[in-house]
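**Q** Model the full assembly from the supplied sequences, consistent with the hints where possible.
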Amino acid sequence: MSAMTGEPLGALAPAPCAPRVETVRQTAPAAAEDLPMQWVTGEPLQRLLRDFSGERTGYVRISDKGYFFPSKFATEMPHFVNFKARPSDTWVVTYPRSGTTWTQEMVWLLANDLDFDTARSVPLNDRFPFFEFSGFFHEATTREFLEHNAGSTERQQAVLDMATPGYRLLANAPSPRFIKTHLPFTLLPRNLLNSGAKVIYLARNPKDVAVSFFHMNRLILTQGYTGDFETYWNYFQNDLHAWTPYWSHLEEGWQRRTHPRVLFMFYEEMRKDTPAAIRKVAHFLGKQLNDEQEARLGNHLDIVNFRKNPAVNSEALYDLGIMRRDEQAFIRKGEVGGWKNYFTPELEAQADQWIAENLAKTDMRFPDCKSGC
0 MSAMTGEPLG ALAPAPCAPR VETVRQTAPA AAEDLPMQWV TGEPLQRLLR DFSGERTGYV
60 RISDKGYFFP SKFATEMPHF VNFKARPSDT WVVTYPRSGT TWTQEMVWLL ANDLDFDTAR
120 SVPLNDRFPF FEFSGFFHEA TTREFLEHNA GSTERQQAVL DMATPGYRLL ANAPSPRFIK
180 THLPFTLLPR NLLNSGAKVI YLARNPKDVA VSFFHMNRLI LTQGYTGDFE TYWNYFQNDL
240 HAWTPYWSHL EEGWQRRTHP RVLFMFYEEM RKDTPAAIRK VAHFLGKQLN DEQEARLGNH
300 LDIVNFRKNP AVNSEALYDL GIMRRDEQAF IRKGEVGGWK NYFTPELEAQ ADQWIAENLA
360 KTDMRFPDCK SGC
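With the first letter of the sequence shown counted as 1, position 167 gets the number 166 in numbering that gives the first Met the number 0; the numbers rise by one all the way through.
Hints were generated in silico from the structure; no laboratory data involved.
It should be emphasised that the depicted structure is a prediction, and the values quoted were computed from it without experimental measurement.
Glycine included, every Cβ here is placed at the ideal spot set by N, Cα and C.
Any given hint might turn out to be false.
As the list claims (entries may be wrong) - Straight line, CA to CA, 16 angstroms or less: simulated EDC-like cross-link-like pairs of lysine to aspartate or glutamate:
1) K339 to D351
2) K279 to E268
3) K279 to E267
4) K64 to E250
5) K271 to D301
6) K360 to E251
7) K286 to D114
8) K286 to D112
9) K339 to E229
10) K279 to E293
11) K360 to E250
12) K279 to D290
13) K64 to E251
14) K64 to D33
What the hints assert, rightly or not - Computed Cβ-Cβ distance ranges for the label pairs, DEER-style:
15) E291 to D227: 43 to 49 angstroms
16) N190 to L159: 25 to 31 angstroms
17) Q352 to N190: 38 to 44 angstroms
18) R306 to R278: 22 to 28 angstroms
**A** Here it is in structure tokens:
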């Protein structure tokens with residue numbers, strides 16, 4: 000946890016002056032003693048509320064690792080932790096912008112016998128729901144999205160569906176369920192690894208993660224970041240951004256890499272040798288492809304084709320006014336090493352020192368991508 004001030008609170012205590020979220024109101028279950036929470040206060044909070052327009056109340060750190068979230072998670076997190084995983088579930092778990100969407104599409108198609116027709120016609124968000132997305136729909140921004148879509152009951156309902164907690168929607172979903180999440184293992188359902196569910200954890204170099212997440216935070220108005228990249232990097236490095244600490248998140252995945260129901264992969268390796276990645280994921284899911292099927296899936300996942308695919312590009316979020324059309328697209332370049340266009344020499348040196356200090360604490364190593372990743 001980064002050095003900063005905070006106020007301890009009981010797991011169910013409300014944020015100071017926190018408004019109630021009528022559309023997603025839920026009575027939280029009693030939280031476990033190992034789920035401590037602490038509100039961000041003082042000058043860091045004021046800077047965050049200035050630079051991230053999507054959150055209007057505050058931020059809270061959850062668990063002894065201090066995972067950072069907007070205010071709604073103070074009451075919603077116990078529900079996520081107590082959600083019941085099923086043996087037929089398949090979960091994709093990542094820190095954001097680690098190749099999540101690309102991997103979701105690969106996983107869904109492998110598990111569904113390469114049903115390309117459904118993959119092209121049904122949005123990925125419907126086939127593979129985002130578990131905790133509702134936690135980023137502050138009451139005020141949700142109201143603004145509803146006003147933006149006044150006159151269309153269908154669009155307003157779509158907004159309300161996104162603001163409805165995933166634990167509620169997925170509880171009644173038919174099996175098999177495919178679930179995307181950015182929550183670390185500490186905050187995933189307590190029964191997940193004992194349920195029989197399959198979990199694919201994906202890791203990516205923090206510099207590329209930060210560049211991609213920077214654009215995502217400017218693109219989507221639930222976050223509404225308005226600052227520059229250097230300021231953003233410092234939020235990320237100092238654990239003042241959603242789902243951080245980054246290193247704790249990755250270490251939790253790395254520590255579980257030998258679990259028989261967990262597949263740990265690096266995005267860099269998947270991009271360098273996509274056919275090998277397809278075979279590895281297929282084997283984990285109990286599937287086998289012939290050469291023609293493998294080539295067809297590889298072509299579908301080619302980044303040029305992927306960026307043109309409306310089913311994976313969250314197109315509905317543009318129409319609903321949740322994503323900005325004047326920012327870079329939801330699916331960007333998917334490249335390795337794109338961070339070099341964003342870091343000044345001084346910021347790169349700062350980042351390299353931070354990365355080296357944290358890698359010294361773990362035996363996890365990112366792939367050497369100097370030869371063509």
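**Q** Of the numbered hints stated previously, which ones are contradicted by the structure, given in increasing order?
**A** none
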